[in-house]
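Put together the whole structure using the sequences plus the hints.
Counting in the working numbering, the sequence shown runs from 306 upward without gaps.
Wrong hints could be hidden among the right ones.
[Said to hold, decoys possible] Okay, the calculated beta carbon distance ranges per label pair:
1. Gly638 to Asn526: 28 to 36 Å
2. Asn444 to Ile528: 44 to 52 Å
3. Ala556 to Pro504: 38 to 46 Å
4. Ile682 to Lys616: 54 to 62 Å
5. Asp637 to Ala556: 24 to 32 Å
6. Asp527 to Pro551: 23 to 31 Å
7. Glu337 to Ile552: 34 to 42 Å
8. Leu363 to Leu689: 19 to 27 Å
9. Asn635 to Lys432: 37 to 45 Å
[Stated by the list, open to error] Think about it this way: if two alpha-carbon atoms lie no more than 27 Å apart in a straight line, the pair counts; the simulated DSS-like pairs of lysine-lysine are:
10. Lys407 to Lys425
11. Lys416 to Lys402
12. Lys416 to Lys368
13. Lys428 to Lys414
14. Lys428 to Lys696
15. Lys432 to Lys416
16. Lys696 to Lys368
17. Lys368 to Lys432
18. Lys428 to Lys451
19. Lys314 to Lys433
20. Lys451 to Lys416
21. Lys374 to Lys432
22. Lys420 to Lys452
23. Lys407 to Lys420
24. Lys452 to Lys432
25. Lys620 to Lys609
26. Lys634 to Lys370
27. Lys433 to Lys420
28. Lys433 to Lys402
For the record, the hints were derived by calculation from the structure and aren't laboratory data.
Glycine included, each C-beta is placed from N, C-alpha and C at the ideal position.
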Amino acid sequence: MLEDESLEKPRILRFFQEFFGYNQAHIVFKDEARSGGFSYYGENYPVIYERDADFFVLNILEKDKDVFKQMLTSDEYFILNRQTFRNTVYDFYEQNKELIDKGQLTEEKSKELLKRLGLKNWKELNKKYYLHGFDRGFNGSPEVIKKMGKEIPTEGRIDNRNKDKSYQVISQGMHTLYQKYPMAYDLRDGEQNFLLPQPYKRPNRAGMLTHPAWLIAHSLNDISDPIRRGKWIRQRLLAGVVLDVPITVDATIPEDHHKTLRERLSVTEAKACWRCHEQMNPLGYSFEIFDDFGRFRTIEALDKLPMVKGKFPSKPVDSRGVLAGTGEKNVDGDVKDALELIHKMANSDKVRQSIIRHVFRYYMGRNEMLSDSITLIAADKAYLESGGSFKALLTSLLTSDSFLYRKTLTKE
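Structure below.
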């Protein structure tokens, strides 16, 4: 069943959505004015980030090699796939305008568009590009190609970056809905043409934990929240436990517009607080190279202070952190930022085994018990021997006694 591409397997993607929690980005409200021009358009944009993250996951699952390591370290991101679709259709229309306008597009030429879009048939279109409702009826006919070709705004210049010169590409402007969208991926204006192929390699990124969807989902409305991000890593990747906040504790961050968030969080280093915060803060601080919109930064703007010469005062970001608790000497230690932290965790046996425990819990519908130890050891072995195949891991879990026969510990 896992090898049959004709069968939908939504629970596999759903596991990664729930495990990483990036599918919650749309519920975190962000202030448009503070974003530098970004428009949320209702819940549209956060949801698009979530879909981008879905494509990121699916691309790794399709290759099915070193899946967990790739989830944590890959720098290949899908960015606004639906715009790529529209721009690719426009490019095809410009190159075959005469044939399409006359309704003389041959079946062979139509297959060329399918090939450019990486599709076997038009039924795969929405699944691959997550289209708006008004694009979902696209069927590759000359009429719909012509209609879309005339809708897309162009800058009227030729882009000659195609080195083999097999064809010329028309450089077109972004759809007005998406003009500020690429900001979270640190894309410059000249990188926003969104022509195939995707995924794009992005600097200063490493896997899902630096994806805008994950960073937004694990932030607050107007700050990045190192505590939340650190707690997630401690519990999900390092198999740790963080106690709930005692009811007698006032867990508010003091306001001081002259200090960075990290400086304000120094209150958590008091003896009464540090017992728990030591498990979270040193991990979360390393993610301060990203703001709460998921944008890479080297300085933190003190945006509650008055502007000076059109800019907010700022301070350099301090992203130093500490990874502790893996029990592996070559992994534990100081880190300079989130990128170093993530690459260290990706090579940790404990992190891999912690993820496998969460896969077990998701598919078994319960926590693991002592009697499941053989199942977990076998699943880890199957994953390693297969070169990091998620399919091999699932096969091992779903054919185990733990899955086939519910076991419980009973008192005699």
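Verification of the supplied hints:
no.	hint	verdict
1	Gly638 to Asn526: 28 to 36 Å	34 Å, holds
2	Asn444 to Ile528: 44 to 52 Å	47 Å, holds
3	Ala556 to Pro504: 38 to 46 Å	39 Å, holds
4	Ile682 to Lys616: 54 to 62 Å	56 Å, holds
5	Asp637 to Ala556: 24 to 32 Å	28 Å, holds
6	Asp527 to Pro551: 23 to 31 Å	26 Å, holds
7	Glu337 to Ile552: 34 to 42 Å	36 Å, holds
8	Leu363 to Leu689: 19 to 27 Å	23 Å, holds
9	Asn635 to Lys432: 37 to 45 Å	41 Å, holds
10	Lys407 to Lys425	26 Å, holds
11	Lys416 to Lys402	16 Å, holds
12	Lys416 to Lys368	25 Å, holds
13	Lys428 to Lys414	18 Å, holds
14	Lys428 to Lys696	25 Å, holds
15	Lys432 to Lys416	18 Å, holds
16	Lys696 to Lys368	11 Å, holds
17	Lys368 to Lys432	17 Å, holds
18	Lys428 to Lys451	20 Å, holds
19	Lys314 to Lys433	15 Å, holds
20	Lys451 to Lys416	16 Å, holds
21	Lys374 to Lys432	25 Å, holds
22	Lys420 to Lys452	20 Å, holds
23	Lys407 to Lys420	23 Å, holds
24	Lys452 to Lys432	22 Å, holds
25	Lys620 to Lys609	13 Å, holds
26	Lys634 to Lys370	26 Å, holds
27	Lys433 to Lys420	13 Å, holds
28	Lys433 to Lys402	26 Å, holds
Every hint, counting from the list given before, is met by this structure.
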